[in-house]
Amino acid sequence: MRFMILIKANARFEAGIEPASDRAAAFAAYCREMKEAGILIETASLLPSAEGLRLTYSEAEGSPAMTAGPFGDAAGQVAGYMLLEADSEREAYAWAARMPDPYGFGEGGIELRRLRETAEPPFAAGLSPIEADLRDQIGALRNLHEKTRSKELPT
Amino acid sequence: MSGRAAHRAIDAVWRIESAKLIARLATMVRDVGLAEDLAQDALLIALERWPETGIPDNPGAWLMTTAKRRAIDLLRRNKLRDRKYEEYGRASPLFTEDDVETETGEIGDELLRLIFATCHPSLSREARVALTLRLLGGLTTDEIAHAYLVPEPTVAQRIVRAKKTLSASGVKLDVPEGKELEERLSSVLEVVYLMYNEGYSATAGGSWIRPTLCQEALRLGRMLAEVAPREPEVHGLVALMEIQSSRFKTRVGPSGEPILLMDQNRALWDRLLIRRGLAALERARSLGRPLGPYALQAAIAACHAQALTPGDTDWARIAALYEALSRAAPSPVVELNRAVAIAMAFGPAIGLQIVDQLADEPALKGYYLLPSVRGDLLAKLGRMEEARAAFERAASMTQNLREQDLMRRRAAECAARDAGDKDGSPRETV
Numbered sequence: 001m002r003f004m005i006l007i008k009a010n011a012r013f014e015a016g017i018e019p020a021s022d023r024a025a026a027f028a029a030y031c032r033e034m035k036e037a038g039i040l041i042e043t044a045s046l047l048p049s050a051e052g053l054r055l056t057y058s059e060a061e062g063s064p065a066m067t068a069g070p071f072g073d074a075a076g077q078v079a080g081y082m083l084l085e086a087d088s089e090r091e092a093y094a095w096a097a098r099m100p101d102p103y104g105f106g107e108g109g110i111e112l113r114r115l116r117e118t119a120e121p122p123f124a125a126g127l128s129p130i131e132a133d134l135r136d137q138i139g140a141l142r143n144l145h146e147k148t149r150s151k152e153l154p155t
Numbered sequence: 156m157s158g159r160a161a162h163r164a165i166d167a168v169w170r171i172e173s174a175k176l177i178a179r180l181a182t183m184v185r186d187v188g189l190a191e192d193l194a195q196d197a198l199l200i201a202l203e204r205w206p207e208t209g210i211p212d213n214p215g216a217w218l219m220t221t222a223k224r225r226a227i228d229l230l231r232r233n234k235l236r237d238r239k240y241e242e243y244g245r246a247s248p249l250f251t252e253d254d255v256e257t258e259t260g261e262i263g264d265e266l267l268r269l270i271f272a273t274c275h276p277s278l279s280r281e282a283r284v285a286l287t288l289r290l291l292g293g294l295t296t297d298e299i300a301h302a303y304l305v306p307e308p309t310v311a312q313r314i315v316r317a318k319k320t321l322s323a324s325g326v327k328l329d330v331p332e333g334k335e336l337e338e339r340l341s342s343v344l345e346v347v348y349l350m351y352n353e354g355y356s357a358t359a360g361g362s363w364i365r366p367t368l369c370q371e372a373l374r375l376g377r378m379l380a381e382v383a384p385r386e387p388e389v390h391g392l393v394a395l396m397e398i399q400s401s402r403f404k405t406r407v408g409p410s411g412e413p414i415l416l417m418d419q420n421r422a423l424w425d426r427l428l429i430r431r432g433l434a435a436l437e438r439a440r441s442l443g444r445p446l447g448p449y450a451l452q453a454a455i456a457a458c459h460a461q462a463l464t465p466g467d468t469d470w471a472r473i474a475a476l477y478e479a480l481s482r483a484a485p486s487p488v489v490e491l492n493r494a495v496a497i498a499m500a501f502g503p504a505i506g507l508q509i510v511d512q513l514a515d516e517p518a519l520k521g522y523y524l525l526p527s528v529r530g531d532l533l534a535k536l537g538r539m540e541e542a543r544a545a546f547e548r549a550a551s552m553t554q555n556l557r558e559q560d561l562m563r564r565r566a567a568e569c570a571a572r573d574a575g576d577k578d579g580s581p582r583e584t585v
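Protein chains in written order, with the numbering used here: chain A, 1 to 155; chain B, 156 to 585.
Simulated from the structure, these hints should not be mistaken for laboratory data. You may find that some hints are simply not true.
[Unchecked claim] Listing some non-contacts, in silico: residues in chain A with all C-beta distances to chain B over 12 Å: (1) Glu59; (2) Glu61; (3) Phe105.
[To be verified] Okay, derived cross-link-like pairs now, DSSO-like style, lysine-lysine, Cα gap no bigger than 27 Å in a straight line: (4) B:Lys175 x B:Lys327; (5) A:Lys35 x B:Lys319; (6) A:Lys35 x B:Lys327.
The model shown is predicted, which means the values in this text are computed figures rather than measured ones. All C-beta atoms in this analysis are idealised placements derived from N, C-alpha and C, irrespective of residue type, glycine included.
Starting from the given sequences, assemble the full structure and let the hints guide the process.
In structure tokens form, the structure reads like this:
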């Protein structure tokens, strides 16, 4: 199952202050370890919301209104994400819990969210032999159909 | 030889040799992940040298020798692996470096050990498939991702995790016996059949994949039948793969378009493979236990294989086999298959009844082949307006443009016939 860690922003991040080099190094080491364990699919950090655009839908089916950032409410913004693949929520949590304090000041937080997977099991896509049989059988049904018709045509 | 030609040739050698290479190395170093690394190292050395020296006469043996040398170096040098080295030394006390030059012995056992490791129950189903396709099928992570519609990094990470899990849980490279064999066999059969289907449906593109993967799957299946001759499903799976393979040449037209079973030139079906398939099915039956899903699907395939013309098909038997299959492995798509077989055997009205019972099935919600089948059955019953509506509905439910087009044309045909009826022109009974 896949999970996403959302790294929440704080005022410092929103002000565009880069994390101290020891923070960055700790985070890089954490990512490397996750990658080696086969947990981490990808990760990225975002720019502050001042660089972002917000689209709001105020009426059903209507076109959205655009607002430029910053959006305020620093703690409600997202500073980055990590996409993980784990066998269980417990395992994903164990990894999330090891993330170094993102800002090093005891500020901010992260959220662990599970991805909604498609109902179709990923390994059944395009590979069902039973479905191939069904297509063949539909073909048989149609052929029979054509045959009955052609029989009626005077030759 | 130009660099590009050399790379293509090396690529081809890798496809053919990698599984054997990894299987033999895994037996040697007792670690699937390490075995793959060593095989990859040998491939890198080949990529560096072969464009200059040309491809050796026996490229597989060259790769094996190179990889084994690396393995020996590694085992000697790496103090951390002392324990494994000792184990290895105990396992084959007569091994010397001279041995690496000669390529003898049956590779079969090593491939079997590898597949029982890559299909180990400690791995998730997705991981088993990915690892087996990678190590035994020689597919790249990108090809696996493409085939299963998941992002490439997801597959890559799945494989990394799977190898870690195997190393960490100390999975032994062996072929299980007795009760354990019985338990672990089903996950191996499942992966072998996925591998076969991956080749058969060729979702991964390149034309080389199809025959190679199918042949490998068939070969593994035949080997499994020898280790587990008392298991009906092993013979069932082999029978299914043999019979499906017999139609390999006839199922695609000259411009790559699929040819449905009923339109195939039956004279071109491979009779040898059919005979082997029927013999395997007979072995499954002779064990005297109820047939499982693979054997039942093989029995259905056998009905088609034994019909000399489409008109000779024993649809009543096929319908009965689908009923048995839906008890052994319940699935709404199997039910839909049964409905069509019943319509073929006993007429469209009964088929339509079954299809309409399936309409509320949650798993078939949004499944466009349900209204498509319904449309065909209604058309056969002369209910053209309802048939048209069913095909329109089917068209609106598929994203596939070719299928959409086909459904719309079927709808238009029905509309035209319906209008014809209302004009008072002679009615066609269909």
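Check each numbered hint from earlier against the structure, then list the numbers of those it violates in ascending order. none
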